[in-house]
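Throughout, the working numbering is defined as the position within the first sequence, counted from one, plus 7.
In case anyone wonders, no lab produced these hints; they're calculated from the structure.
Source: prediction; values computed, not measured.
Hints may be right or wrong, so weigh each one.
[Said to hold, decoys possible] 30 angstroms max Cα-Cα, derived DSS-like pairs, lysine-lysine:
(1) K139 <-> K202
(2) K246 <-> K306
(3) K246 <-> K275
(4) K275 <-> K39
(5) K521 <-> K300
(6) K521 <-> K442
(7) K615 <-> K306
(8) K246 <-> K153
(9) K275 <-> K492
(10) K245 <-> K39
(11) K275 <-> K202
(12) K39 <-> K97
(13) K128 <-> K216
(14) K90 <-> K216
(15) K246 <-> K90
(16) K39 <-> K124
(17) K202 <-> K306
(18) K199 <-> K124
(19) K97 <-> K246
[Stated by the list, open to error] Pairwise CB distance ranges (calculated):
(20) E569 <-> M297: 46 to 56 angstroms
(21) A546 <-> K160: 45 to 55 angstroms
(22) P146 <-> I104: 41 to 51 angstroms
(23) N438 <-> K160: 42 to 52 angstroms
(24) A71 <-> Y143: 40 to 50 angstroms
(25) R36 <-> D439: 47 to 57 angstroms
(26) S34 <-> R409: 32 to 42 angstroms
(27) R247 <-> A652: 17 to 27 angstroms
Backbone N, C-alpha and C fix where the C-beta goes; we use that ideal spot for every residue, glycine too.
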Amino acid sequence: MNITFPDGSVRVYASGATALDIANDISPRLAKATLCAIVNGDVCDAGMPIYEDAELRFCSFDDAEGRFAYRHTAAHMLAQAVKRLFPGVKLAIGPAIENGFYYDFDAEQAFTAEDLKRIEKEMEKIAGENLKLERYTLPRADALVKAMASGEKYKQELIRDLPQDAVISFYRQGEFTDLCAGPHVVSTGKVKNIKLMSVTGAYWRGSEKNKMLQRIYGTAFSTRADLDAYLVQLEEAKKRDHNRLGRELELFTTVDVIGQGLPILLPKGARVLQILQRFVEDEEQRRGYMLTKTPLFAKRDLYKISGHWDHYRDGMFIMGDANDEEATDVFALRPMTCPFQFMAYNNRPRSYRDLPLRYNETSTLFRNESSGEMHGLIRVRQFTLSEGHIACRPDQMETEFRACLDLANFMLETIGLSEDVKYRFSKWDENDTEKYIGNKEDWENAQNQMREILLNTGIQFVEADGEAAFYGPKLDIQIKNVHGKEDTLITIQVDFQLAERFQMQYMDADGEKKYPVVIHRSSIGCYERTLALLIEKYAGAFPAWLAPVQVKVLPITDRTAERATEVTDALLRAGFRAESDLRNEKIGFKIREAQVQKVPYMVILGDKEAEEGVIALRSRKDGDLGAMDLDTFIAKLTEEVETRAR
RNA sequence: GCUACUGUGGCUCAAUGGUAGAGCAGCUCACUUGUAAUGAGCAGGUUGUCAGUUCGAUUCUGACCAGUAGCUCCA
8 MNITFPDGSV
18 RVYASGATAL
28 DIANDISPRL
38 AKATLCAIVN
48 GDVCDAGMPI
58 YEDAELRFCS
68 FDDAEGRFAY
78 RHTAAHMLAQ
88 AVKRLFPGVK
98 LAIGPAIENG
108 FYYDFDAEQA
118 FTAEDLKRIE
128 KEMEKIAGEN
138 LKLERYTLPR
148 ADALVKAMAS
158 GEKYKQELIR
168 DLPQDAVISF
178 YRQGEFTDLC
188 AGPHVVSTGK
198 VKNIKLMSVT
208 GAYWRGSEKN
218 KMLQRIYGTA
228 FSTRADLDAY
238 LVQLEEAKKR
248 DHNRLGRELE
258 LFTTVDVIGQ
268 GLPILLPKGA
278 RVLQILQRFV
288 EDEEQRRGYM
298 LTKTPLFAKR
308 DLYKISGHWD
318 HYRDGMFIMG
328 DANDEEATDV
338 FALRPMTCPF
348 QFMAYNNRPR
358 SYRDLPLRYN
368 ETSTLFRNES
378 SGEMHGLIRV
388 RQFTLSEGHI
398 ACRPDQMETE
408 FRACLDLANF
418 MLETIGLSED
428 VKYRFSKWDE
438 NDTEKYIGNK
448 EDWENAQNQM
458 REILLNTGIQ
468 FVEADGEAAF
478 YGPKLDIQIK
488 NVHGKEDTLI
498 TIQVDFQLAE
508 RFQMQYMDAD
518 GEKKYPVVIH
528 RSSIGCYERT
538 LALLIEKYAG
548 AFPAWLAPVQ
558 VKVLPITDRT
568 AERATEVTDA
578 LLRAGFRAES
588 DLRNEKIGFK
598 IREAQVQKVP
608 YMVILGDKEA
618 EEGVIALRSR
628 KDGDLGAMDL
638 DTFIAKLTEE
648 VETRAR
């Protein structure tokens, strides 16, 4: 048979040769690195015989496919080790994931840190046993009998959900067999450098209605050095954790008696937010937005119109007796601004000439997140969003949507997060219509229009079902924190539904009253979350334009204290955030403190500088910059701040 | 909300079934200092809260509060 390789070359092999045989024929080194193969576009085991002419690609650990096979086998080894040590444990599922793998178990007792060590040791043993992974298939009925015989109830459930005529594959390694589509590496001896990371809870099949299983997370690399480097990288990432750095640098704190998800922004944190907020509001003004200032709470009647009362009540803080249908004094803190800004639109009749109408508001919102959700500044119960709503005619929608995207990208670019985000087109879940308002046709229509616009913008995006807002699809701009957990930073949503609910209309050119399309959008993401991600991005060392303290003025002795005060005042007058440190300490000590506080610039003043009427400048980044005129420094800093240099 | 872990002075951490220590920070004194930590001294905690077990708990148990990882949720 003819085997065609990615470079176009063709070689002839005997029918029945495996990818591994072929790799071996080319070079033993290639065979050693080969973890799985892609035959005619399908990923499969390297040990699978090939009988006909085929295109063949070998996958090593450097390929996503190879990495997944390697770690997927590691997941099986994990399950095998757990079965050996804890025979009563029931197996659920165990896939490879982005940075490793996991396996879900139903165990009587929680796994402890010591258990993980024992399991890891057993996995090493299994690798040492070099067990061959054998694939075989069974018809669905036989597979089910097998699963029932073994008492693996989760496997039974998985098989039951497969079609009647399905042929089901299994992988056997030594005494252990698992239901699995594969592919896998040829033997357990291939998989080394394994590290079990943690054990956490996870619902069976991802539903909170089901039992919570125990999930063991692990990772594995092709070399020990890569594993160690990865672990070091994780440790390094943790040092940037905003929840730790933000507290250390006194940007924010939390207090038990105030409550969960209700952080205190300390002066430095509040300052950074103020700088961001001014920047955002000014930019929005430049882009034709009109500022509103609307109430932080409203009667429930408002939320009944918007749909929040029916679709989002659990997420709201309600005042009064929500169960008393007659009561007129039931209020709720606002979880979002849209209904309020819609009322601004409805203030008077609108003409098609008025559109687009763009409203913005730096809006504080309240959401009753469940207790396990709160996380530092990333998930909180009260936060402030650069919220905006645009009412436009259908023919303006694309332009307006693109303008929103442009604004979001401008913001990301400026604050330095543009390379860290991913775009997600969040759609509804047609199997879970309870969660949404409107009918299938409206949703399909809205989503198709939105997809069209997104394709036209040329951005790279992924589509996700079940992530839409209850009233419409959205473009979410996603970002990961230092732990790799993804959250939405910015969102742009298309809404064909709420305008009608709120009777927002405009008189069109043809004399007909029509409902505008509404775009809900944020331009920078909620300030708390943005601050958190900026702390992590810069490890607390903000660019000068964002730094809560930009300049620290450090006299070397008392003799220059007065001069230090003069310089500080001059900097303050020039609009900079400057502080002096007049304590009677060694200059090295003061510099260290300023460095630790991540202050971008230090002005050092000794007798020499006082005499010559200059300053000695030190940069956080580049160290001693030598002597210069104060005006020179002011000009330099002015430029740096105005260009928002990073 | 669920699973697991954690909670000791402002911060980082130690110790113990017989009422707790260290470093940094703070305060005082001395040093007037040249680009990442001067020295000495002082003060600071009813060990998250409330119950329970015990002769005795900070240590063991439970509930609650808060923090962390993950799941679920996330307008």
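If you test the structure against every hint from before, which numbers come out violated?
2, 4, 7, 8, 10, 11, 12, 13, 15, 17, 19, 22, 23, 24 and 26
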